[in-house]
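Going by mature numbering (1 follows the signal peptide of the UniProt record, and there is no 0), the letters in the sequence shown line up with residues -20 to -1, 1 to 162, in that order.
Hint data in this document are derived by calculation from the structure and do not stem from the laboratory.
Values in this document were obtained by computation on a predicted structure and should not be read as measured data.
One should not assume that every hint holds.
Unchecked claim - Label-pair distances were calculated between CB atoms; the ranges are:
hint	residue 1	residue 2	range
1	Thr66	Val109	14 to 24 Å
2	Pro70	Gly107	15 to 25 Å
3	Arg75	Pro128	31 to 41 Å
4	Glu4	Pro69	30 to 40 Å
5	Val109	Gly142	29 to 39 Å
6	Pro17	Trp123	13 to 23 Å
7	Thr66	Glu4	35 to 45 Å
8	Asp23	Gly107	29 to 39 Å
Yeah, the Cβ is synthetic: ideal placement off N, Cα and C, and Gly gets one too.
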Amino acid sequence: AGILLPVVVLVVALVAPAGAWSNEAASAALSVENGGPWGDWGDPEFCPKGSFATGFQLKVGTSQGVGDLAGVWGHVGGDDTRGQGTWLPPLSCSRGRLSAFRLRVEAPRGLWDDTAANNLDMACSDGAVLEGQGGNRGTWGNWSSFCPPGGGVCGLRTRLEGPQRKARDDTALNDLDFFCCN
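With these hints in hand, go ahead and build the complete structure from the sequences.
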């Protein structure tokens, strides 16, 4: 079974559905080295047991204050508590499952506006690459490793910076880890 896996950018506490994959079921964790430095890591979220992510959808933020441009936003389980930004069309593997990723991240800019993660590309197990249509700020990092043969992405964990009320320099999504199951 295929599931569209939204990119999470808010720390949202969700209870995994009964029968979901778990940390113990994950055969590998995928990460990249260029993630942003701000925010906290949330709890892992997993697909229902026996299913895998076959696509993703990005939400790109808009200006949140003088000179501020938030990077990639999103939601989990229908909870889109940030509310701002634009959903981009979903991208899905025509065959296969999601199996690797890379992030486009803007490095810290000091006193200037920071955006952190701006875009996401994902590879499908059949070799196809899904190119995210997020922002163009920052640089692409290296690809993560790939899920083991026969496996696919079954969960994710995000590093998110919450709203910065006084500074108004919201980066939102900073980094991602994906989990593979077989």
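We went through each hint and held it up to the structure:
1. Thr66 - Val109: 14 to 24 Å: holds, 23 Å
2. Pro70 - Gly107: 15 to 25 Å: holds, 20 Å
3. Arg75 - Pro128: 31 to 41 Å: violated, 18 Å
4. Glu4 - Pro69: 30 to 40 Å: holds, 35 Å
5. Val109 - Gly142: 29 to 39 Å: holds, 31 Å
6. Pro17 - Trp123: 13 to 23 Å: holds, 21 Å
7. Thr66 - Glu4: 35 to 45 Å: holds, 37 Å
8. Asp23 - Gly107: 29 to 39 Å: Hint holds: Cβ distance 32 Å, inside 29 to 39 Å.
The structure is inconsistent with hint 3 alone, although it conforms to all the rest.
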